[in-house]
Structure formats: structure tokens, C-alpha cells
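Participant: As given, the protein sequences belong to chains A and B, one line each in that order. Heads up, the first sequence is in the numbering used here, so the first residue is 1 and it goes up one at a time. Heads up, the second sequence is in the numbering used here, so the first residue is 1 and it goes up one at a time.
Simulated from the structure, these hints should not be mistaken for lab results. Certain hints may be false.
Stated by the list, open to error - EDC-like cross-link-like pairs, simulated, lysine to aspartate or glutamate; straight-line CA separation at most 20 angstroms:
{"#": "1", "chain 1": "A", "residue 1": "Lys376", "chain 2": "A", "residue 2": "Asp424"}
{"#": "2", "chain 1": "A", "residue 1": "Lys129", "chain 2": "B", "residue 2": "Glu486"}
{"#": "3", "chain 1": "A", "residue 1": "Lys72", "chain 2": "B", "residue 2": "Glu196"}
{"#": "4", "chain 1": "A", "residue 1": "Lys332", "chain 2": "A", "residue 2": "Asp374"}
{"#": "5", "chain 1": "A", "residue 1": "Lys504", "chain 2": "A", "residue 2": "Asp63"}
{"#": "6", "chain 1": "B", "residue 1": "Lys539", "chain 2": "A", "residue 2": "Glu67"}
{"#": "7", "chain 1": "B", "residue 1": "Lys513", "chain 2": "A", "residue 2": "Asp63"}
{"#": "8", "chain 1": "A", "residue 1": "Lys72", "chain 2": "B", "residue 2": "Glu507"}
{"#": "9", "chain 1": "A", "residue 1": "Lys72", "chain 2": "B", "residue 2": "Glu481"}
{"#": "10", "chain 1": "A", "residue 1": "Lys133", "chain 2": "B", "residue 2": "Asp436"}
{"#": "11", "chain 1": "A", "residue 1": "Lys426", "chain 2": "A", "residue 2": "Glu463"}
{"#": "12", "chain 1": "B", "residue 1": "Lys531", "chain 2": "A", "residue 2": "Glu36"}
{"#": "13", "chain 1": "B", "residue 1": "Lys598", "chain 2": "B", "residue 2": "Asp521"}
{"#": "14", "chain 1": "A", "residue 1": "Lys72", "chain 2": "B", "residue 2": "Glu551"}
{"#": "15", "chain 1": "B", "residue 1": "Lys513", "chain 2": "A", "residue 2": "Glu474"}
{"#": "16", "chain 1": "B", "residue 1": "Lys16", "chain 2": "B", "residue 2": "Glu337"}
{"#": "17", "chain 1": "A", "residue 1": "Lys72", "chain 2": "B", "residue 2": "Glu258"}
{"#": "18", "chain 1": "B", "residue 1": "Lys257", "chain 2": "A", "residue 2": "Glu468"}
{"#": "19", "chain 1": "B", "residue 1": "Lys241", "chain 2": "B", "residue 2": "Asp436"}
{"#": "20", "chain 1": "B", "residue 1": "Lys598", "chain 2": "B", "residue 2": "Glu550"}
{"#": "21", "chain 1": "A", "residue 1": "Lys32", "chain 2": "B", "residue 2": "Asp521"}
{"#": "22", "chain 1": "A", "residue 1": "Lys104", "chain 2": "B", "residue 2": "Glu551"}
{"#": "23", "chain 1": "B", "residue 1": "Lys370", "chain 2": "B", "residue 2": "Glu351"}
{"#": "24", "chain 1": "B", "residue 1": "Lys513", "chain 2": "A", "residue 2": "Glu463"}
{"#": "25", "chain 1": "B", "residue 1": "Lys539", "chain 2": "A", "residue 2": "Glu37"}
{"#": "26", "chain 1": "A", "residue 1": "Lys72", "chain 2": "B", "residue 2": "Asp529"}
{"#": "27", "chain 1": "B", "residue 1": "Lys531", "chain 2": "A", "residue 2": "Glu74"}
{"#": "28", "chain 1": "B", "residue 1": "Lys513", "chain 2": "A", "residue 2": "Asp45"}
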Amino acid sequence: MKNNKVLETQSENHSDVERIKRESNYLRGTLKEMLEEPISAGIPDDDNRLMKFHGSYLQDDRDLRNERQRQKLEPAYQFMIRVRAPGGVATPEQYLTMDELAHKYGNGTLRLTTRQSFQLYGIIKWNMKSIMKEINDTLLTTLGACGDVNRNVMCNPNPYQSEIHSEVYEWTAKLSEHLSPKTKAYHEIWLDGKKAIDSKEQEDMEPIYGTVYLPRKFKIGVAVPPSNDVDVYSQDIGFIAIIEDGKLAGFNVAAGGGMGMTHGDTATYPQLARVIGFCKPNQLLDVAEKLVMIQRDFGNRSIRKYARFKYTIDVRGLDWLIDELQSRLDWKLEEARPFHFDHTGDRYGWVKGSNGKWHLTIFIQNGRIKDTDDYKLMTGLREIAKMHTGDFRLTANQNLIIGNVAPENKEVINELIQKYNIADGKNNSALRRNSMACVAFPTCGLAMAESERYFPSLLEKLEILLEEAGLSEEEITIRMSGCPNGCSRPALAEIGFIGKAPGKYNLYIGGSFKGERLSKLYKESIGEQGIIEALKPIFDDYATTKQDNERFGDFVIRKGYVEEVLNGMNFHN
Amino acid sequence: MQLQVVNSPFDQEQIKLLNHLLTNLSKEQCTWLSGYLAAVPHSNEAAASIALANPPDPKQNAATVQEITVLYGSQTGNGQELAEDFSSKLKEQGLNVTLTSMNEFKPNALRKLKNLLIIMSTHGEGDPPDNALSFYEFLHGKRAPKLEQLNYSVLALGDSSYEFFCQTGKEFDQRLAELGATRICPRVDCDLDYDEPASEWYEQVERSFQKLSNVNELVSFPSATETEKITTLYSRKNPFKAEVLENFNLNGRGSNKETRHLELLIEGSNFQYEPGDSIGVYPQNDPELVDALITEMKWTSDELLTIKKEEHTLEKALLHYYEITVLTKPLLQQVNEKFGNEKLRDLLRPENDEDLKEYIQNHDLLDLVKDFSLTGISSQELISLLRKMPARLYSIASSHKANPDEVHLTIGTVRYHAGGRQRNGVCSAQCAERVDVGDTLNIYVHRNPNFRLPADSNIPIIMIGPGTGVAPYRSFLEEREEIGAEGKTWLFFGDQHCVTDFIYQVEWQRWLKEGVLTRMDVAFSRDTDHKVYVQHRMKENSKELFDWLEEGAIVYVCGDEKNMAKDVHETLVDIIQQEGNLSSEGANSYLTKMQQEKRYQRDVY
Ligand code: SRM
Ligand SMILES: Cc1cc2nc3c(=O)[nH]c(=O)nc-3n(C[C@H](O)[C@H](O)[C@H](O)COP(=O)(O)OP(=O)(O)OC[C@H]3O[C@@H](n4cnc5c(N)ncnc54)[C@H](O)[C@@H]3O)c2cc1C
Ligand SMILES: Cc1cc2nc3c(=O)[nH]c(=O)nc-3n(C[C@H](O)[C@H](O)[C@H](O)COP(=O)(O)O)c2cc1C
Ligand code: SF4
């Protein structure tokens, strides 16, 4: 591509991660050797940094950390693998492989993530090569699922308008491919590919990223209105499909969103991506590429917590971004076009698509697929995958769509759904259907409080409050994260919890049902009792004084429980 | 002491006769008889030909008797300890005693010896201890000289729960006789509780020499041992009560194994020990098992028994003093004799030998009394047939220099299913299930001079120890760290799973990082689809391993005897053969030489 100007990355006081990347020879480091090193089931920190680019994290079972330390054992090291699929689309064969690998090498569970990926847990070092190979054999990849590159590109899996969806999906896949790291290290380490001859050849191989990749992770999502399921405003770049006369006209471009912050550091904040214009479908890759390069050249390489694109932009202003982009593109974005969002959640149950095929959205609590004594979800889904001829779609809300079911197969799938009692959301409360929790303990190394393991039981208590208030059928988005990184995008929910310490959460309210507004801190560091005491009066008030069709998030702002936040820079005010 | 089938070479009939005779003899008569018997090569001839007023002439004159050689073959040190003890006692008698371990003894010197005492244990499956191997082969080979000039007696150590009880001792005894030597006292075969029979043997031996040398009044010299500084009051016979400071499982969750790490307070014990030594622990039987036995026999737990002139309740006796989890052939024979029934008699018939072996291996006393309906026997009667509870040995896993007031042990819990029931190792399961921090254990130090760090710490060492076999190496490295040893060290470790079974993992990691440990190779047999064991890792590094041997490295092997020690041994031979371009005999003698030079040391169990 033209205009590929690579600026000197700022050289003063680069963070250690920058050194690791620079010295890694395109993400090789000593990974290969360390994966074979037998004295530890872990790998050194430097290599773990690089490992992320390959789609995997070294974790340890935090439940066992203290116990093992006493036992004179190193932490229970294990790897998490993130398998990305643009737009979350996977074939039944791929799904079955994920299921098989989870049992063969992992902890017997699968996790559907908030970015439409699969995660596998509990893989020990000695099995890493085999599992990575088997993942690639099924034509999925983990390359760039984590690390300072563009991550899995999200896309609305909405099956109603199938033609438009598939066109948007095509662009998503192209975008994902275009922004994938090109290093051969991945092949070399995992797939026994032969070593690249010299570094000159390598240099040409990362035309977008260069030798040190991006200063920080980078995320792109594509929304198809009226659904904002991908939380397009949370993305570093959000594309909003503009449909005119039933056709894809192009995309509105939004930039600079993100959820992460650090407790106690008000220079960090969740931010909404801001719409800066419109581009045609065939300009999509170019726009994305140039925005990525702007972040590559201007992102903060000294302090990682200030390195996300949102800060790069906010420090310089939106006009700067628009100018910079224009100068790199050599053309100007058109003016943004009108669109309208309705919701961020999923629509459960069977829907008939415009292509005559059927789609079934099922509710997966917190995205965790596993078998328990009284709920054989994993077995049920495996049985379905075995006979399913369409596809699977992972939603941005950690749910699963059994997509493109031929009418003649619908009955069989229904029978399996009933046999295994798989939840299509109908039996769950409206609150639960609109809930998400991040992973947190025991695998997430950054967790400060429980999330996935605790959230269901908190919901039970809140369900009772809502029922007492007569609000059982009220759809309210509610999300929990175990730390302020916000992996479940809690700052965009109508009710959000962000972990502070074991059993203690900050309570945020006032996000919008459509994902267009940030929430605001309402109560700090409260436990379960505090949560109930804080929410009960608001629920009761909402039940009695809400206006017609007034959403909970809008209501709390109207009633002054919190102030409206439309720009992240006001989040902490 | 009464002669028994277990502690003597006689059968039941002979024992009856002998016991009858011996209890009626005066002290002088005994002395005379022993001298007489000693001088006659075959005892039945002797018995048949006692001429009343005609004492036999001893072959030797008094002067030569004063030179006595005491040779021991010992693996875990029991034999050595006895040999040392008896030698110093003989010295006190004014005799000229040479005490030697079999591997230090020059076989050629044998033909010049006049008086030889052999103290000999059995290991493996009826095999000689490592340090007796070459001597054993020499004596049993063609080059063995005629030994008509020699008077000898053998004390055999063993464990009657093994099929080949005191095998090596028996073989030595027989072979020396074949070579023409004269047995001055009958061999005594000792079971695990060897103190008493061993001292009886010693007394007989002493009397025989007394007889031979016509020394009526033995001269008493000041005892050498008494003048030595007394280091500790505590011993096997007088164990120290050590408080348990720590007791936790070293295996991570999800492991198939349990290995306890125990830290014991030994402050005030004055114990002296070095890396390579072990701790003996007197265990307690499982109270539930004792209970079940008492119930089954319709005994009562508080009935009083007299043991060694002291009264104890039955429950306490069964908990602390007697072995109830191991059956032995002699026990079954005696039970049969006293309380036998058809079924038991059947099992003991020679043609049912295999069944008997199988039964003994998989059953305990409770099974025995149940299976053969032995209820009705009084507790005193049955208990008089039981063996004393033997102590269990555990390699010391800490350095005295680094932790002067503590001793650490690494105890693998033994649990298995046999004879239709879940069974637990007495001592290991006690430590796993019934020993809390603050409790005490009765312990003593068991020295093992055959498993020692080199005096010169610059000599490279190779340590092979999968499973709990790694325990002494923790003390090796702790010691070397403490004294700042510089030589190279190489550890081979293995177990089932890296994540759960890599015991002391963070310590090895630290020692590797700090250079106390130069190299470590590990083999986790169940982490990959093909089984790998330490010997495979050795083979993979055969070139380097051989280089170390050539540099003079000492090889240590500790842990499982049945499979590991054998496989490791064969692998060492392979490596030496391959890397040293040697024939298989060449490789074997390379290793034998290493053994003689104490550069191949084993502590296997
Ligand atoms: C699995 C997932 C949560 C889930 O419940 O589904 C997840 C899990 C983790 N996230 Fe996330 N993030 C996940 C979506 C998100 C999102 C939501 C999104 O992207 O739409 C966010 C907020 C958006 C954003 O990036 O601002 C998010 C913001 C973070 C951050 C904060 C980044 C920041 O700018 O401050 C971190 C920490 C970091 O990067 O240093 C993080 C880090 C992590 C790590 C890898 C912890 C770590 O770095 O050691 C977590 C692994 C936990 C585990 O055991 O699985 N995760 N993470 C999501 C995987 C997405 C995927 O498939 O790629
Ligand atoms: C010099 C030396 C050092 C030692 N060091 C250590 C050490 O550091 N750590 C350590 O853990 N041990 C060590 N041992 C072994 C230890 O002394 C004990 O033998 C062991 O702990 C078992 O004792 P126990 O009382 O628990 O079991 P016991 O009650 O003595 O039972 C063990 C017996 O159970 C039977 N048995 C075991 N498994 C099975 C099976 N699967 N099927 C049928 N029968 C079975 C066998 O007959 C075995 O002999 C050492 C031994 C020696 C001689
Ligand atoms: C691994 C092992 C194997 C043994 N095998 C036998 C055997 O086959 N026959 C026997 O009578 N005793 C056997 N024993 C018992 C020993 O001979 C007995 O413990 C003896 O007291 C050891 O004496 P030492 O310390 O001098 O070697 C064995 C002991 C061990 C640890
Ligand atoms: S929000 Fe925090 S605790 Fe939850 S998964 Fe992300 S990093 Fe872990």
C-alpha cells in the first residue's frame, strides 16, 4: 500500500515489553527452547509476552497458588489458548475439534469469549505443540489472538438479514486476514515450518506492524444496525455497516474506544469510540490499515497503561486524527451517514433467515460450555454438532448460534435441545439473558475479585429483587468484570460491577441499553449486601416511576442517580 | 533364648530335642559342648559320636586364635553396626581383630586367615548386598581356594517375610564348609528383630574362641567404646521422641501419589549424622486394624499382657510392639502347629507352595485369623508368635549442617489393594493420616557409611533418584550449598507427572539457578504418550555421562529396588560399553571397579 510511512517509534524510556519485542526476531524469542525446557511447566516472563502473540497465555490455577507454594511446587502452570474466528463463525467440524481438544488436552471446558473466540484452558506445556497443530489442522488459528496486534475482528452474527450479514462477514474476514501478523515464527514454532532464511526476508514480512508491532493490543468490531451486539463504541476502530435500500453502502468509521482502566489512576478511563466519517466497502481495509499505522507510530511505548489508541487520540484531539488519517490515505472520509441502534443483547430462540434457513440462538451462561451433574450442555452441543450441516456462530455476548439449519433438520436439533434441556434463554430471567461476566478466578492472572464463578448467584438475588418490584420481564444489561480491565465491557452496561478486592465491587450504573453511553460509579467497594441495598431502592423507584419504554440506564440518569457520561474523559468526574 | 525354627538352622524335631537338652546343661557343660561341636565338621556325626570323657582337640593352638577377621556384607548398615560392635567387644577380650567390609577385603588374603566371622545380610530377592558382590562371586567361583585352615561362623541378617530368607548368609555358610573350613558355631539367621539372636550368636562365638585359646579367664581391657566421647544416648534400642514440626503432602492436587514431607525437631537428641544416613522410625499400627483384630478374636482391648516383664494393655501391645500386617512362613507354621486346622495344614503342604506364597504376600494377621477360624486363641498365645514391630528407615532429606535442630524426611505413602481389601503401609500411612504437627515420633539415626558424599567436594557427583529416591540428594545439595562445595553435580529425577509429582521442585530450580546443581534431567512417565524413566534420560545423555565418569564422578542410586535400580544398573553398563568402546565384560568390570572404589553407591529399598 502506498504512503506507508514508518515513523521512528519514540525511543525514550521504552517499556520492557518493547525491548522483548525488538529482540524477539519477529516473535521467536526463546519460545521454542523454553517449550521443551523440562524443569518448569512454565516459561520465562519474556517468552510469555511473546506467547501472547501466538494466541496463548501462561496462567496458573490461582486457587492452588498458596497451597502449592507451601508444597514447594511451582504454581500450577498451564496454558490458555485463544482460538480466533473472524465474526465468530465456525463449522461443525471445527466445533467438534474444539470440544475434543478441550477434553484431550484441556480442562474439559470451552469458553466462548466476549470477542467471539474460543478459549481452551489447562493445557500443559508438553502438549502445546500438539494442540496448536491440531487447531491449525482444522483451519482455525490462534496467531494474533492476543498480543500487541489487531485481535479477532468482531462482526455481528445476526442471521436475520442473511445476505447483508454474509457480505459484512466477508469484509470482516478480509480485514482480519489483512491485519494478521505475517511472521513465519508461528509456523516455525508450532507447525514445524522451516526457519526463515535471513532477517531481510523477515522485514518484508511485517509491512504493517514493523519489528516492534503495536504499542498495545488493538481491536476492531463491525456492527450491523440495529444491533450493536459487538459494542462498536468499545473498539479501537468500530465500523458501522450502513444499509441503504437493502444493500451495504459502506461503513461509518468510529475510533478510539476501549474499556480498560486502572483503579486509582484517573488518567485511565473507559472511552467511547467516536464516529469520524464514512467509507465505501472497498476502502475498508485501507482505512483500517492507516488507523493501525497511526497507532503504531504515535502510541505510547513507554507506559503501557497509557498506550491504547483512545489515549493516543484523546491526547491529540479528534481533528488531529482526522488530518493524520487523511494525509496517510490521500483522500478524505465522507461524512458519516445516519443509522440507528436498538440493543446490544442477543435475540434468543429460533429465527428464520431470509435465505430460508433457520437459526437458533442459545443462552450460554458466561460463555462457559461444560457438563455438570444436572446440565450436560457440552455433551448436548457435541451431539448437535455431529449432525449439524450449517455453522456455529459465537456471539459478542458469549452466546452461541446454531446457524443455517436446513428446515428438515430443525426437528432433530429441537429434539436434542430438549433432550439435553439446553437453554434457549426463554427459561432464564430477562436480567440473566442480558448478563455477561468475564472469566476472572481461577485462571485470570489479573483478577481482583470473582466474576464468572460468582455472578450467577448474585443474579439470583437480584432476580428476586426485580420480581418483588414486578420487573421480571424488564430487560436490563448487567455485566461483571473481576478487575477494571473490563473484559465483559461493564462500563457500557446499564448495571456494571468491577472487582476491587475479593468480595468487593464498584457498582456502576447508567450505561445505555444500546451501548451508546458509559456508566458511572454509583457505589464503591461494596459486597453483596451492599449491592442489594444499593439496587433495591432504585429498582423499586424504577418500577413505580419509569416512563413508557424507559430503559433502566436512561431512567437512572433522568432521576439523577448518576450523571450522564458521553465522553470517557468525564468518567471519573 | 529358646531356639526356634526362625532363628536357627534346625527343624522342629531337632529344636525340641535341643531345647530340652540345652535348658538342662550347666554353664560349663555348655561351654564344653560348644567347643566340641565347633571342632567337628558335621553336627550329626558329632551328635552321634560324643564320647563322654573325651574332649576333642581343637585344630588350632592358642596363639593363632587371637587373630580374628570380621568381614561384613551390609547394605543398609545393620550388619556393619553389629560387626563394629562385636569387633570392639572381641578387642576388649584381648583378641587381635581385623574388621573389614567385604569390598575392601582382598580375596587372596583368604587362604592365610585362621579365624573368620562373617556378618552378612540379604538383599534384592535373595541377593548379596552391593558391597559384598565381588567377594561373593570370588568365593563361589572356581578361583576360590581350599580353606581347611579356617575356622568360621556366619551371622545372617534377613527378613522372614522375603521368600529367600537370609539366603546370602546361608550360601556363604555352606560354601565355606564346602571349601573345607570349619564351622566353629552354627550359623544364626536373624529376622528383622535381630538384636537378641545376634548377641546370642556373638556369645557363642566368644565362648568358642575362649575354648580354642584355652583362655579360662578372659582378660578385661578398658573398653574402647567407653572411652570414646558419648555423642548420643539415643539409639535403635532407645529411640528419641522427636516432635513433628511440619507434615505436609509434597504432591500437588490431582496426583496419584502422596509423599509426605516431615520435619522433626531433634534438639536435645545430640544426633550426629551425615548426608546419606537414614532415620529409623518406630511406627504404630492402624488403630482400626487393631480394633478389628481384637473384635474378631473376641479379646478385650484392656486385658493386660506381660511383655519383657512389663505389663501392657493388649491394645497398646498390638499398636506399638507387634507386627500384625506382615505374615511369614514361620508364623504360619507355628500357628499351624499350635492351633492348626485342616485348611491351614493344606495350605502349608509343599505342593501348595505357590498358593502359600500368594497368601502370605496379600494378607495380614486379621485375614489369617478370619480365614482359618483362629478365634478362641488367647491373646498371650498368639502374640508370643508375632514378630516385634520393626522400625522403618527413611533417607534423611536435610543437611545437619544447614538445619542442626531438624531432620527432614520424605515419605511415600504406601496404599494398595490386595486380598480383597484396601491396605496401607504401617509407617507411611501413619505419617500421612495420623501424625499431626506437635505429635512425637520415636526415631533413631541409622548410619549408612556406604552412601556418602566424597570428602573432596570437587569430585563430580551424579545422583539418580526417582520418586522418594531423591530424598538424600536434597540433603546432599543442602550440605554442599552450606559448605560452598564447588564440584559439578548432576541429578536425574523422575515420577509420573511434572505438574503434581515434581517433589521439591522449587528447591531444585533454585539450586540450578545458583549453580549448586549443575544439571538436572527429569523423566515424567505419564506426561506424554510414551513412558520415559530416568534410565532413558541417562541413555540420551550417554556421551556426557560417560565423560563425567571418566572425570572420576561418583554415581549414586537411590530409591526403588525392584525395577529402577536394576534398569539403571543395566543402563550404566550399556553406556560404559557404548561410550568406552568396551565389551560387556569390560563394561561390567569398569562398574565393579567403580563399586570397589566407592564410586558407585546405592541405597535402594
Ligand atoms: C476471555 C475474555 C473475557 C471473557 O469473559 O470472554 C478476556 C479475558 C482476559 N483478558 Fe480481556 N478478555 C476478553 C475481552 C476483553 C474486552 C472486551 C472486548 O474486547 O470487546 C476488553 C475491553 C476492551 C478493551 O480492550 O479495552 C478487555 C480488556 C482487557 C484488558 C485491558 C486493556 C486495557 O486497555 O487496559 C486486559 C489487560 C491488558 O491488556 O493488560 C485484558 C486481559 C485479559 C486476560 C488475557 C488476562 C491477562 O492479560 O493475563 C484475560 C484472560 C482470562 C482468562 O483466564 O481467560 N483484557 N478484554 C475476552 C476474550 C476476548 C477475545 O476473544 O479476544
Ligand atoms: C535404607 C532405606 C531407606 C529408605 N528411605 C526411604 C525414603 O526416603 N522414603 C520412603 O518413602 N521410603 C524409604 N524407605 C522405605 C521405607 O523404609 C518403608 O519400607 C516404606 O515406607 C514402607 O513402610 P510402611 O510401614 O509404610 O509399609 P509396610 O507396612 O512396611 O508395608 C510395605 C509392604 O507392603 C507390601 N506392598 C506394598 N505395595 C504393595 C502392592 N502394590 N501390592 C502388594 N503388596 C504391596 C510390600 O510387601 C511392602 O514391603 C527406605 C528403606 C530403606 C531400607
Ligand atoms: C530391598 C530389600 C530387599 C531385601 N531382600 C531380602 C531377601 O531377599 N531375603 C532376606 O532374608 N532379607 C531381605 N531383606 C532384609 C535385609 O536383609 C534386612 O533388613 C537386614 O537387616 C539388612 O541388613 P544390612 O543393613 O546389614 O544390609 C531385604 C531388605 C531390603 C531393604
Ligand atoms: S476483566 Fe480482569 S479479571 Fe476479568 S478476565 Fe479481564 S483481566 Fe481477568
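Participant: Would the pair Lys531/B and Glu36/A pass a check requiring their Cα atoms to be no farther apart than 20 angstroms?
Facilitator: Holds, at about 17 angstroms.
Participant: What's the verdict on Lys504/A and Asp63/A, does the C-alpha distance respect the 20 angstroms limit or exceed it?
Facilitator: Cα-Cα ~18 angstroms, so holds.
Participant: Does Lys16/B pair with Glu337/B here, judged by a C-alpha cut-off of 20 angstroms?
Facilitator: Measuring from Cα to Cα gives roughly 13 angstroms; hence the hint holds.
Participant: Does Lys531/B pair with Glu74/A here, judged by a C-alpha cut-off of 20 angstroms?
Facilitator: Measuring from Cα to Cα gives roughly 23 angstroms; hence the hint is violated.
Participant: Sort out whether Glu196/B lies within 20 angstroms of Lys72/A, counting only the CA atoms.
Facilitator: violated, 43 angstroms
Participant: Taken at face value, is the distance from the CA of Asp45/A to the CA of Lys513/B at most 20 angstroms?
Facilitator: holds, 16 angstroms
Participant: So if I understand the rule, the pair passes when the alpha-carbon distance is 20 angstroms or less; does Lys598/B with Asp521/B pass?
Facilitator: Roughly 23 angstroms between the alpha carbons, so the hint for Lys598/B and Asp521/B is violated.
Participant: Straight-line Cα separation of Lys72/A and Glu481/B no greater than 20 angstroms?
Facilitator: holds, 18 angstroms
Participant: Please work out if Lys241/B and Asp436/B have their alpha carbons no farther apart than 20 angstroms.
Facilitator: Judged against 20 angstroms, a Cα distance of about 14 angstroms means the pair holds.
Participant: Lys104/A and Glu551/B: Cα distance at most 20 angstroms?
Facilitator: violated, 46 angstroms
Participant: Between the alpha carbons of Lys370/B and Glu351/B, is the straight-line distance 20 angstroms or under?
Facilitator: Given that 20 angstroms is the threshold and the Cα spacing comes to 23 angstroms, the pair is violated.
Participant: CA of Lys513/B to CA of Asp63/A, is that 20 angstroms or under?
Facilitator: violated, 27 angstroms
Against the hints set out earlier in the document, violations occur for numbers 2, 3, 4, 6, 7, 10, 13, 14, 15, 18, 22, 23, 24, 26, 27.
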